[in-house]
Amino acid sequence: MTADEVIALLDLAPGATCGYVRLTYVAGERITPGGLAAPFETGRPMGSALYFLVTPQAPVQLHRIRNDQLYHYYLGDPLEVLLLREDGSTERVVVGPDLAAGQLVQLFIPGGTFHTARLVPGGRWFLGASTEWPGVEPQDVELGDMEALAARFPAAEAQIRSFLVPAAG
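Residue numbers (the UniProt record's numbering): 1 to 169.
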C-alpha cells in the first residue's frame, strides 16, 4: 500500500502540525468551565483522537499541545520522535513495530512538550493516531519557534535543526 492509498482510504487531509490528518473523535461530554485548572479552566471535551500519516515530505512539525497525548503506531515504517520537555530534558524515541529493537507502539507525550517527528531513514510512510485528554481545541496548539527552542535546548540544537524539512517550492 502507498501513502496516497492510505490518505484516500482514510480521507486524510494536510495538517498544520502532522503530515496528513483526520479528526476521528471528540467526546460529546465536556468538562465544564472551572472543572479543570489553567490552562483548561474554560472547559474542554473529555477527550479527542485523530489519525495522522507522515511521509518524508510531510513530517510532524515542531509544535506542542497543552494536553497530554498518546501516539499509537498502526501501519508503515517507524517514526523518529524528538521530545523537548518543559524541564529542559530531551529524548529521541522511535515509534514502530519492532519491539525487540526498542521501538514503542505507544508513546506518551506530556502536555506542554515540544516535539517533532520524521520517518526513520529510508521510510516511506507512517500511519498512527494521537489521543488526547482533555480533548484538544485550537487554542491548545502552538507551533514551535526553531530558533528560540535551539537557544533553550543548546545540547539538542543540531538534532532540532536536523528534523526540519525545507518548504517545497
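Careful: at least some of the hints might be erroneous.
As the list claims (entries may be wrong) - Each pair of labels, with its calculated beta carbon distance range: (1) Ala158 <-> Glu5: 19 to 25 Å; (2) Glu5 <-> Val105: 20 to 26 Å; (3) Arg152 <-> Leu99: 20 to 26 Å; (4) Thr24 <-> Ala155: 18 to 24 Å; (5) Glu157 <-> Leu9: 35 to 41 Å; (6) Thr2 <-> Ala155: 46 to 52 Å; (7) Glu86 <-> Arg30: 31 to 37 Å; (8) Ala101 <-> Gly34: 17 to 23 Å; (9) Tyr25 <-> Ala158: 36 to 42 Å; (10) Arg161 <-> Met46: 35 to 41 Å.
To be clear, the hints were calculated from the coordinates, so they are not data collected in a lab. Just so you know, even glycine gets a beta-carbon here, dropped at the ideal spot from N, CA and C.
Hint check results:
1. Ala158 <-> Glu5: 19 to 25 Å: 35 Å, violated
2. Glu5 <-> Val105: 20 to 26 Å: 22 Å, holds
3. Arg152 <-> Leu99: 20 to 26 Å: At roughly 33 Å between Cβ atoms, Leu99 and Arg152 fall outside 20 to 26 Å, so the hint is violated.
4. Thr24 <-> Ala155: 18 to 24 Å: 37 Å, violated
5. Glu157 <-> Leu9: 35 to 41 Å: 39 Å, holds
6. Thr2 <-> Ala155: 46 to 52 Å: 38 Å, violated
7. Glu86 <-> Arg30: 31 to 37 Å: Given a distance of about 26 Å, which is not inside 31 to 37 Å, the answer is violated.
8. Ala101 <-> Gly34: 17 to 23 Å: 46 Å, violated
9. Tyr25 <-> Ala158: 36 to 42 Å: Given range 36 to 42 Å: holds, Cβ gap about 37 Å.
10. Arg161 <-> Met46: 35 to 41 Å: With a Cβ separation near 38 Å, Arg161 and Met46 satisfy 35 to 41 Å, so the hint holds.
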